[in-house]
Amino acid sequence: VISCLDYCNGLYYGIAEKQINQLQVIQNSAAKLVSGKYKYDHVGDDLHNLHWLQVRKRIVFKIALISYKALNGQAPLYIQDMFCYSYQGYRPKLMTPAMNTSHGQRSLSYIGPKIFNSLPTHITSADSTESFKKHLKMYLFNLTISDTIKLTK
1 VISCLDYCNG LYYGIAEKQI NQLQVIQNSA AKLVSGKYKY DHVGDDLHNL HWLQVRKRIV
61 FKIALISYKA LNGQAPLYIQ DMFCYSYQGY RPKLMTPAMN TSHGQRSLSY IGPKIFNSLP
121 THITSADSTE SFKKHLKMYL FNLTISDTIK LTK
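Residue 86 in our numbering is what sits at position 86 of the sequence shown, and the numbering runs on without skipping anything.
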C-alpha cells in the first residue's frame, strides 16, 4: 500500500485538500494494519513509531529529493535540464523560473527550487544522497503540518 502511495507522489503537489485527506486516510489504515490496531482505534503516534511521514510531507520529501539529485547529477538528464542553479558562497541555490499560471506553479521546475531553497543549509549541503534523505526526513518529522504548507508557498 505504501509503495502505491509513493508512486509518483511528487505529482500530488497542488491537488485539492480533500484528495490529500483521502490519501492520508489510506495511509492511516495501513499504519493500523501494520501496528495491529482495529479499524476504529485512534492512529495516534503510529505513523511516527513506524517512521512514516504523513502524505503531505512525503510529497515534499519526494520533490526535495528529486531536486537534490538533479543538482548533484544523479537524476536523468531530462530532469537535470529542468533546473538552473547558481552558487551563493558555497551553497548551491536553484533558480525559480517565472510562472504566470497555476498549472505552471505546480510544475517540478517551479516548486522544486522553492522547496529545496527553503530547506536549512545542513540538509541541502549533504555529502551524499543517503545523508540528505536522513536529514530531510528528520527535519520533516519535526515540522507541523502548517509549517509544511508554509514550506511549499
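Among the hints, a few may not be true.
[To be verified] When the alpha-carbon atoms are kept at most 27 Å apart in a straight line, the in silico DSS-like pairs for lysine-lysine are as follows:
| # | residue 1 | residue 2 |
| --- | --- | --- |
| 1 | 150 | 93 |
| 2 | 69 | 18 |
| 3 | 32 | 153 |
| 4 | 32 | 134 |
| 5 | 150 | 18 |
| 6 | 62 | 134 |
| 7 | 62 | 153 |
| 8 | 69 | 39 |
| 9 | 69 | 137 |
Keep in mind that the hints were calculated from the coordinates and are not lab data.
Cross-check of the supplied hints:
1. 150 with 93: Within the cut-off at roughly 19 Å; holds.
2. 69 with 18: Not OK: residue 69 and residue 18 at ~30 Å, beyond 27 Å, violated.
3. 32 with 153: violated (32 Å)
4. 32 with 134: Given pair residue 32, residue 134 holds - Cα atoms ~24 Å apart, limit 27 Å.
5. 150 with 18: holds (18 Å)
6. 62 with 134: Cα-Cα ~13 Å, so holds.
7. 62 with 153: Holds. Residue 62 to residue 153 sits at ~16 Å (cutoff 27 Å).
8. 69 with 39: Violated: residue 69 and residue 39 sit about 39 Å apart, past 27 Å.
9. 69 with 137: Between residue 69 and residue 137 the Cα gap is close to 16 Å, so the pair holds against 27 Å.
Comparing the model with each numbered hint stated earlier shows that hints 2, 3, 8 do not hold.
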